[in-house]
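Each protein sequence line maps, in turn, to chains B and P.
Residue 135 in numbering that gives the first Met the number 0 sits at position 136 of the first sequence, and the numbers go up by one each step.
Residue 489 in numbering that gives the first Met the number 0 sits at position 490 of the second sequence, and the numbers go up by one each step.
Honestly, I wouldn't trust all of these hints.
[As the list claims (entries may be wrong)] Below, a list of computed lysine-lysine pairs in the BS3-like style, where the Cα atoms sit at most 27 angstroms apart: (1) K2/B x K459/P; (2) K702/P x K741/P; (3) K302/P x K234/P; (4) K454/P x K1/B; (5) K452/P x K2/B; (6) K460/P x K1/B; (7) K1/B x K378/P; (8) K544/P x K99/B; (9) K1/B x K371/P; (10) K378/P x K2/B.
[To be verified] Short, incomplete list of chain B residues facing chain P, as computed with Cβ under 8 angstroms: (11) K1; (12) I18; (13) S26; (14) E40; (15) Q86; (16) T97.
[As the list claims (entries may be wrong)] Far from chain B by the CB rule (all over 10 angstroms, computed), these chain P residues: (17) I20; (18) F127; (19) L130; (20) W205; (21) F263; (22) F390; (23) I391; (24) T585; (25) Y597; (26) F687; (27) K737; (28) D763; (29) W781.
These are computed hints drawn from the structure, not numbers from a lab.
Computed from a predicted structure; not experimentally measured.
Just so it is clear, CB atoms sit at the ideal spot from N, CA and C, and this is done for glycine as well.
Spelled out from the first residue to the last, the chains are:
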Amino acid sequence: MKKSSIAGIVIIALAIGIIISTYADSSTYGSFTDAKESETELHVVGQLNKQKELHYNPQQDANYFAFYMKDNQGKECKVVFNGSKPQDFERSEQIVLTGKMIGNEFHASKILMKCPSKYTKDEVEVTEVSASTAKI
Amino acid sequence: MDIQYIGENLLPGKLGQFFVILSFCTAVLSTIAYFFATRAGLSKDPLINQESASWKRIARLAYSLNLFAVVGIGSCLYYIIYNHLFEYNYAWAHSSKILPVYYIISSFWEGQEGSFWLWMFWQAVLGFVVLRRGKTWENSVMTTIMLSQAFIASMLLGVEIFGFRVGSSPFILLRDAMQGPIFQRGDYLSLVTDGNGLNPLLQNYWMVIHPPTLFLGFASMIVPFAYAIGGLWEKRYSDWIKPAMPWTLFAVMILGTGIIMGSFWAYEALNFGGFWAWDPVENASIIPWLTLIAAVHVMIAYKNTGHSYFTATFLVLISFVLVLYASFLTRSGILGETSVHAFTDLGMFWQLVFYVLVFLFLAIIMLVVRWKELPITRKDEETYSREFWLFIGALVLSIACLQILATTSVPVFNAMFGTEIAPPPNVIQHYNKWQVPFAVVIAFVSAFSQFLKYKNTDAKKFFISISVSLIMSVFITAAAVYVMNVYSNVMYIILTFASVFSILANARILGEAFKGKWKLAGSAIAHIGFALLLVGALVAAATNKVISINNTGIGFGDEFDKNNNPRENIILYKDEPVKMDRYTVTYLGDSTEGVNTYYRINYRVIDEKSGKEKENFTLYPNAQQNAKMRQIIASPDTRHYLFHDVYTHVSSVPLKDEDHEEHEGHSDDENYEKPVTYEVNVGDTVRFREGYILVKGINRNAKVQNIPLGERDIAIGLQLEVNSEGKIFPSEPVYLLKDGSKFDFGKKVDEKGLKLRFTNVFPDKDKLELMVYQKPKAEKDWVVLKAIEFPYINLFWGGTIIMVIGFILSIFRRNKEIK
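Please work from the sequences and hints to get the whole structure.
Take a look at the structure:
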């Protein structure tokens with residue numbers, strides 16, 4: 000067999016592996032209800048409930064930030080993030096949380112939020128914060 | 000009803016819009032003219048052949064006008080921004096009066112329109128070089144370049160055609176871009192006093208230089224693409240490789256520099272704490288870079304042996320298509336929920352898709368049409384030949400790209416198939432799982448293939464020559480993983496080994512180069528740089544450690560603690576040293592300069608045995624405060640050592656009030672908590688938060704400055720002693736009865752944030768009234784801080800610089816070969 004054919008077969012095998020891996024590693028978007036049922040890590044999209052208090056008191060604990068979010072189905076849940084309060088959090092229009100439900104609290108490992116750009120309405124800035132530093 | 004607007008300067012906008020349209024029309028004209036010039040040039044009929052020259056004249060004229068128009072657009076836009084003409088949306092949205100000149104330049108390309116202009120400008124400049132030096136290639140290559148130019152120019156048009164908006168013009172007026180009642184007024188401009196300014200994160204000197212470099216890289220990718228298309232079109236299948244070679248290397252070098260500059264900017268100015276985050280936008284720019292590097296290698300293989308023709312052509316073509324795909328990803332808004340720094344849709348989604356598809360189909364159609372004539376060898380490569388391993392290296396790079404592409408494109412798949420797949424929860428782990436093994440293979444191949452000859456190599460000789468480097472690498476790797484602390488993970492050890500092997504092997508080639516084979520120097524240096532970059536990235540990413548681990552903090556219930564999450568932020572009170580890893584860290588205070596507040600954070604390392612100070616430095620992480628929006632925008636500061644960096648940013652700070660000064664209607668007492676009133680006698684003690692106050696005695700001869708006492712007046716001082724943390728602060732508030740009215744003169748003990756008032760005397764009860772005011776605890780300045788140590792990150796930056804030097808040398812070498 001030609002070596003290039005072998006190379007071709009290896010490529011196809013790897014490509015299939017990559018696609019499977021992408022799919023296997025991928026997560027799903029869900030609601031707080033889904034999170035409660037599945038107990039696995041997933042993404043929840045929703046809005047910050049600005050009526051309720053945001054809890055961040057660095058003098059008490061600089062790594063505890065809690066707030067209430069409504070998911071896209073309207074269900075509200077307390078969210079806990081162990082890190083500092085992300086900059087600009089109050090103005091967020093939409094939040095994407097990565098994390099899982101523990102008890103009645105959603106523990107987020109990552110918060111990605113969309114804020115209206117400081118000034119214009121038609122432009123949106125997106126910022127992201129992670130609870131822990133990523134390592135290889 | 001028409002409104003007469005006052006004070007608008009409409010000329011630069013009208014002129015700019017004219018240039019936009021001119022640039023589009025001339026680009027289209029030039030494309031058409033170059034197309035016919037090429038077609039006529041290919042004709043066997045001498046009569047038609049002669050027409051080629053006249054078509055070319057038209058094409059060149061159109062090109063010159065295009066260049067002129069592009070410069071014109073830039074000048075008009077710069078004039079508008081520089082002169083703060085806020086009647087224009089672009090100036091209003093991206094600049095402000097307080098911006099220094101060099102940031103005015105960055106506000107130029109903060110928006111999509113400006114960055115398209117930048118791309119268009121570079122493409123025009125590159126076109127000029129091709130026009131001057133392309134010789135027989137000018138016609139066909141310029142056809143493709145000008146086609147791309149026409150597409151980019153269309154992105155700036157901002158006109159409606161058949162109800163379909165084409166492009167977004169940078170010269171649109173604020174009153175057309177925005178809706179608002181103020182635009183009903185003719186004098187609205189007098190109300191628009193300042194622009195919105197540049198995003199604070201972009202106010203960094205790297206933002207002045209990173210975008211032009213990146214866009215020069217993107218723009219220069221068109222040239223190899225155009226050569227490949229030209230080669231297929233004119234059936235000069237093999238000829239195009241040689242002249243395209245320096246261009247390909249140039250594109251790789253510039254794009255690589257641009258990407259790393261972005262990475263350095265992120266590291267220096269953003270607070271995500273790292274130099275690479277596998278963000279979709281970053282991925283989008285690195286994919287074409289890697290495919291083009293792969294292309295360079297197979298182009299060399301083809302040039303020397305005739306193998307891998309299809310792979311070389313395909314990779315060159317796909318690289319530019321991937322550049323366009325990258326611009327689609329970042330500019331169409333499709334990344335939405337997955338990326339930190341993508342633009343949002345300006346309504347050009349389909350236009351961008353169209354741009355990508357046209358170039359994709361152009362590449363596919365050219366390949367299909369010419370398929371049968373392509374010089375593809377049926378012969379198999381020898382295992383011990385350089386061309387075989389160049390091919391394998393290129394394949395591995397391509398598969399690595401495929402993996403990045405697959406995950407990055409998840410939002411695109413979602414949009415296409417209506418699925419709702421979310422990206423992996425731990426993105427970095429997902430990528431590294433794949434990319435580390437790929438990096439290992441690439442490092443190995445880049446090492447040993449240097450010892451292979453084209454066609455065939457004596458296997459024995461080959462193994463002898465690499466064995467020395469291999470054995471040396473084993474020892475060096477053992478030492479290196481121990482010193483750099485990456486021995487706990489097998490994959491890390493293997494990657495270190497592969498990189499060390501690559502460095503040694505290529506160093507030997509470099510040694511040969513010094514003996515006179517100068518041609519080899521470029522590739523050897525570039526490979527050494529690349530291997531250093533890999534080690535640096537590995538070590539810095541794998542062993543960086545957060546040193547601001549918080550061990551205090553009150554628990555928030557068992558559920559929260561159970562997770563045992565890293566607590567990476569620590570609170571520092573002013574002047575209270577905290578031990579962090581081996582550092583003693585003290586927050587010394589802050590100072591405000593313009594919009595930035597700099598926090599002075601002192602780091603000291605004290606040798607435990609001798610008590611001697613080993614290191615002492617102060618970092619100034621800053622934060623822009625915006626009290627109105629109750630937010631901060633923090634930028635880190637980093638102490639660079641040769642072998643490690645200490646990186647620090649504030650995560651939270653007390654928000655300053657807009658005005659700190661007291662003004663009417665506010666009394667000093669507002670700075671204190673509600674007072675507590677005590678009835679005391681001599682010898683009593685009163686507690687406060689940090690200690691107690693002892694009533695020592697009464698001073699019946701108290702005096703009050705500037706107030707003369709009459710005969711009937713009484714002034715009594717209450718002698719107090721504030722005891723706190725082993726220190727004593729005496730204080731004597733005064734009670735005054737003057738002309739029958741009561742006054743009191745409180746005293747402050749600022750060190751303890753106390754104010755004491757002696758407010759009344761109750762002779763009947765034999766009690767004295769003492770009011771204790773205490774400042775709220777938060778008044779004490781604090782910062783919440785995160786600090787990370789990055790070991791050996793200089794290998795990463797240093798490797799990059801070495802790699803770029805290698806590219807430069809290679810460009811010189813390949814450029815010489817053309818002649």
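Task: Hints that the structure is at odds with (numbers, increasing) - done: Going through the list in order, the structure violates hints 22, 23, 29 and respects the others.
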